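Novice: Work out the full structure, taking the sequences as your base and the hints as a guide.
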Amino acid sequence: MNVNLYPLKEFKLPIVAECINPDIFQGKSLKEIEALKIWEGNKQKRLGELFKVEAVETSFEAPVITIHGNVSRVRRIGVGMKSGEIVVKGDAGMHLGEEMRGGKITVYGNVLGWAGSMMKGGTIEIYGNAGDYLGAPYRGSTEGMKGGKIIVHGNVGREAGAHMRKGIIKIYGSAGQFAGFRMKGGTIYVQKDCESRAGACMVDGTIVVGGHIESVMPTFTIEGLRKRVKIEEGEIVEAPFYLFIGDLTENGHGRLFIAKEPNPHLSHYEKFL
Amino acid sequence: MELLIRNGFVYDPINGVNGEKMDIAVKDGKIVEKVNERRAKKIDATGMTIMPGGIDIHSHIAGGKVNAGRLLRPEDHFKDVEPKTAVTRSGVGYSIPSTFTTGYRYARMGWTTVMDPAMPPLEAKHTHEELSDTPIIDKASYPLLGDWWFVLEYLRDGKIEECARHVAWMIKATKGYAIKLVNPGGLEAWGFGRNVESIDDPVPYFGITPREIIRGLCKVNKLLNLPHTIHVHTNNLGKPGNYVTAIETMRCVEDLAEDGKPAIHITHCQFCAFKGDDWRTFESGAEEIANYVNAHSHVTMDMGQVIFTDTTTMTADGPFQYTLHMLSGNKWTNHDVETETSAGIVPFHYRRKSYVHATQWSIGLELALLIKDPWKILMTTDHPNGGPFIAYPRIVAWLMSRKAREATLKRINPKARSRSLLPSIDRELDFYEIAIVTRAGQAKALGLKNKGHLGVGADADIAIYNFNPETMDPSKKYKAVRRAFKRAAYTIKSGHVVVKDGEVLKHIDGATMWVDVQLREPCEIEVNENMKRRFKEYWTVEFENYPVSEDYLAVSHPIPVKADV
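Going line by line, the protein sequences match chains A and B. Each residue of the first sequence is one higher than the one before, counting from 87 in this note's numbering. Each residue of the second sequence is one higher than the one before, counting from 3 in this note's numbering.
Just so you know, these hints were derived from the structure itself, not from any lab. Just so you know, these numbers come straight off a predicted model, no measurement behind them. Mixed in with the good hints there might be a few duds.
[Claimed, not checked] List of simulated lysine-lysine pairs, PhoX-like, C-alpha gap at most 20 Å:
1) Lys232/A <-> Lys81/B
2) Lys346/A <-> Lys278/A
3) Lys224/B <-> Lys451/B
4) Lys417/B <-> Lys277/B
5) Lys481/B <-> Lys405/B
6) Lys278/A <-> Lys256/A
7) Lys123/A <-> Lys81/B
8) Lys235/A <-> Lys252/A
9) Lys333/B <-> Lys270/A
10) Lys131/A <-> Lys86/B
11) Lys129/A <-> Lys86/B
12) Lys478/B <-> Lys488/B
13) Lys81/B <-> Lys206/A
14) Lys355/B <-> Lys232/A
15) Lys117/A <-> Lys98/A
16) Lys123/A <-> Lys86/B
17) Lys232/A <-> Lys168/A
18) Lys81/B <-> Lys168/A
19) Lys355/B <-> Lys263/B
20) Lys235/A <-> Lys206/A
Specialist: Structural data, given as structure tokens:
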């Protein structure tokens, strides 16, 4: 059974909707889905009070939940989901797909902070922009992304992939400051520009910047020039890249690839090669 | 208000009641002989277990340190949120819950009295503000006096009586309950970036040894007739091989014990029962400690059981917390409280698959099971150092059921499992012994006369658990035990039914207990003049702002004690 959700009004208060999750919808009747608990501000409501719920019978095993409309005030959609699919035709709120383990979330709009936070598996694809802390853990925690894939076709905010351990984040736009902060593994690919301090305090893992970067942290040391960089299976960027190793303050051996052509201001590093 | 609890199986070790079916009558917050049967509200406890309200001798629930922990760990609260209800306030957990949540969660498990074991005197006001905000449960706090400059000076000069008078003033000024020593001497050394290595290692500048501090304060404790013994967190805590220090610490006050009464309480003993030269050769020293405790009667201790979970370690032991930070690489805070003490906080995750953590888990239970007399070893997790207090139902299950222990043993580090003593221990505690380690023994060790039992005149703090000891065997049905202790069928505090079926029904204020030491001759002026001068020299606060006045406590419950000085 596939489910379509239509917001009944323009939401003014923050809404916490952990129940919008294919695992929870699975095997439930329309009535049961409408009765699921949801928080609007400090009031507990039923899903049916805030969304028009429409069920479409299909032969697929795992349900597909499609949200039609702007739900940028709705937080925690698809938290911990293991299977199935969520499609958001509009903007989505904070903590989208937090601690997700499997399945897929597609957003044809923008998302706010902490999308794919502490993710362990599955895929999140965002066609608009993403907010801060993409794939990063909640404040104070060091349990970063442990697997899965996040693809953003727009730009992302600060601290994308902080504390990341495994998995891949692909950003086809630009990234804010501190991309890959305290990273321990995995891959972050920024196709366009990246603000400064990429890879600060990183210990391991790979960051690839295809566009302009303001500066490379002084705690990174140049390792060499590479003709191409492999992002993942089937995706190779053919262009000359500088390879930096760091962050040396943390005894790190993370790899920071910076495209050579858009960054002529880094050419002075070449004399150390 | 009158209350009649009928037909439950009552476990009241102080009065020697072992699972007898009887009625309990309550009137005006006290347990009475009988009540008017028609007027009284009746609770049918048929097929249920009745115990006195639980007591926790050592649980960090309030104060500057706990609050710093809350600030340090937003991620700890994130996943454990409690919305408000008609009677309770909202709050967050998990290992460092907010004050309201702390009160509610203890009450839900049937615990009604909790001792906060580490109050830096300078932070006494903060501690009491938080204790006042902790609902339902009664509480008290132990001021940290083991590294207090005045105490060190008096003891160095051998002035025990002056020291006693000073401590009496301090307990009154901080509204404290007992004398707490944390790594005696080590915290002062930490002010110089050092630590003490054994109980005979001199403290820099003062030239006094931990042994002299422990013995001195033990004598002071006796002179003041305080209800509890000295409450000692030993030197070298959390280091392999420290079981020797723990035994030395207990041995050094052996001669000060009189007529079989305890003279020292070794707290969270699990953390000081480590054998081995380093972390690689680390193993359990529980057997040695248990042998000593079984042969001596001057010691009480509590477990400090480790739970496999993500928690927050916080002690006044600054140097230990520094070591832990270096060991784990986790974030930390550390603090030197002027002339008084220090403190440190490090988040910590105890993992089943870690050899050291799994062995620590084993040590706690080994201690509790190898020490034959349950009055000597009390149940704690040293909340939140070993794990949050909400894990008590699991410890009860481990103590009562060999099967429960085996189920966990199967899942721990294989090396730790093969070296653990637990498979060789068949002992299973019964409800009578559980009532001792969680209630009666704690009340006795703390010298609480009106708590921990259900005799006539006791405070009507009662916990009723939905577990039938006649039809169910706790050693086989350990999961049912866990469920029962997790959500008390009823918790009655001061005669009010505050919890029913694990839900808080009523918000009441618990009292803050403190010891009102009455000296033979009042000597405040002498102490004050000396102190005022020193305050000007060393402290950042004015002397006048230092003591906590009685009206500062929301519900003050002084316990008068006549001192011998």
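Novice: Run through the hints listed earlier and report the numbers of any the structure violates, in increasing order.
Specialist: Structure breaks hints 15, 19.
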